[in-house]
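Asker: Sequence:
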Amino acid sequence: MKKPLHRTLIALLLMLIAVPVSAQSEAKDSKIVKVLSFNVLGGRTTKGDLNFEVVAKVIRDIDPDLVAIQEVDFKVNRSRKVDLVTELGYRTNMVPIFARAMYYDGGEYGEGILSRYSFVSTRNVPLPYMEGEEPRSALEVVVELPSKDTIAFVGTHFAHERAAGRQLQAKMVNQVFTENKYPTLLAGDLNARPGSDTINILEEFWTSTYDPKNPEPTYPSSGPRSKIDYIMYHPNNKWRVLNKEVIVDTYASDHCAYLVTLELID
Numbered sequence: 001m002k003k004p005l006h007r008t009l010i011a012l013l014l015m016l017i018a019v020p021v022s023a024q025s026e027a028k029d030s031k032i033v034k035v036l037s038f039n040v041l042g043g044r045t046t047k048g049d050l051n052f053e054v055v056a057k058v059i060r061d062i063d064p065d066l067v068a069i070q071e072v073d074f075k076v077n078r079s080r081k082v083d084l085v086t087e088l089g090y091r092t093n094m095v096p097i098f099a100r101a102m103y104y105d106g107g108e109y110g111e112g113i114l115s116r117y118s119f120v121s122t123r124n125v126p127l128p129y130m131e132g133e134e135p136r137s138a139l140e141v142v143v144e145l146p147s148k149d150t151i152a153f154v155g156t157h158f159a160h161e162r163a164a165g166r167q168l169q170a171k172m173v174n175q176v177f178t179e180n181k182y183p184t185l186l187a188g189d190l191n192a193r194p195g196s197d198t199i200n201i202l203e204e205f206w207t208s209t210y211d212p213k214n215p216e217p218t219y220p221s222s223g224p225r226s227k228i229d230y231i232m233y234h235p236n237n238k239w240r241v242l243n244k245e246v247i248v249d250t251y252a253s254d255h256c257a258y259l260v261t262l263e264l265i266d
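Sequential numbering of the sequence shown, starting at 1, is according to the numbering used here.
When the alpha-carbon atoms are kept at most 20 Å apart in a straight line, the in silico SDA-like pairs for lysine to any residue are as follows:
id: 1; residue 1: K81; residue 2: E108
id: 2; residue 1: K238; residue 2: A152
id: 3; residue 1: K171; residue 2: A152
id: 4; residue 1: K34; residue 2: R116
id: 5; residue 1: K47; residue 2: Y251
id: 6; residue 1: K171; residue 2: V125
id: 7; residue 1: K81; residue 2: T45
id: 8; residue 1: K31; residue 2: D266
id: 9; residue 1: K148; residue 2: S118
id: 10; residue 1: K31; residue 2: I62
id: 11; residue 1: K75; residue 2: I97
id: 12; residue 1: K47; residue 2: V248
id: 13; residue 1: K75; residue 2: N51
id: 14; residue 1: K47; residue 2: R80
id: 15; residue 1: K81; residue 2: F52
id: 16; residue 1: K34; residue 2: R60
id: 17; residue 1: K171; residue 2: E131
id: 18; residue 1: K244; residue 2: L264
id: 19; residue 1: K75; residue 2: L50
id: 20; residue 1: K57; residue 2: R44
id: 21; residue 1: K57; residue 2: T250
id: 22; residue 1: K57; residue 2: V248
id: 23; residue 1: K171; residue 2: D197
id: 24; residue 1: K31; residue 2: N180
id: 25; residue 1: K244; residue 2: S226
id: 26; residue 1: K244; residue 2: P217
id: 27; residue 1: K34; residue 2: E245
DEER-style ranges, computed between Cβ atoms:
id: 28; residue 1: N93; residue 2: N237; range: 26 to 36 Å
id: 29; residue 1: K47; residue 2: N77; range: 15 to 25 Å
id: 30; residue 1: K81; residue 2: T207; range: 39 to 49 Å
id: 31; residue 1: R91; residue 2: G223; range: 21 to 31 Å
id: 32; residue 1: E203; residue 2: H160; range: 13 to 23 Å
id: 33; residue 1: Y103; residue 2: P128; range: 17 to 27 Å
id: 34; residue 1: V120; residue 2: R91; range: 23 to 33 Å
Read the hints as simulated data drawn from the structure, not as lab findings. These numbers come from a predicted model, not from an experiment. Note that CB positions come from ideal geometry on N, CA and C, so glycine has one too.
Modelling step: build the complete structure from the supplied sequences, incorporating the hints.
Answerer: See below:
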């Protein structure tokens, strides 16, 4: 009777060992990327208070791999001189980087990215803008996935003032980032609706992740009516969309967060 019991215990032990090894192998080879675009209103909530934790919690609960953050304050007076993207990086346990679009209120203002992975390279590309409009930029990071594949991720925020400025920015994004040697994801608040000239210009090269027949509205968070936050990819044959979701939090920001899960295709 002892030998069968002994064999059973060994079999159970092997099963317990095999499960985590298999899970680790799948994680190592994963080409799946969870990407989030989130306009965080400079870290101020819709009630006007500074509450970095409520913004960080939205991100933590989603557990993304890459986050493009718009309206990022860097040591400006209105945000108590906080380095917002670094603060959010600390609270989410992600790698932060900030890119200046302009000097503002005693500090700087622009784009941020949070990443689960370290950066292979980064660059900040100033975008053209019309006279009287706010300067804008596009922040790119290059990262290596657990599968050892290398991808680029670009976060940006187009002009809110006029369509002409957004169209200039869309053309620059096409010119610069569609020449990437790595499969590329583009995310951000583009301040333009599906079917607009701005989005049409981008979609000459980029593939959007929204449903053209029923675009998921992302703004305002208190009752989303307009689709202005996007995630796109290039080239078309390198990515597959697995899932997409609009995350509504009426307190954390006036924008919804937009989450897309994609798979990199060999």
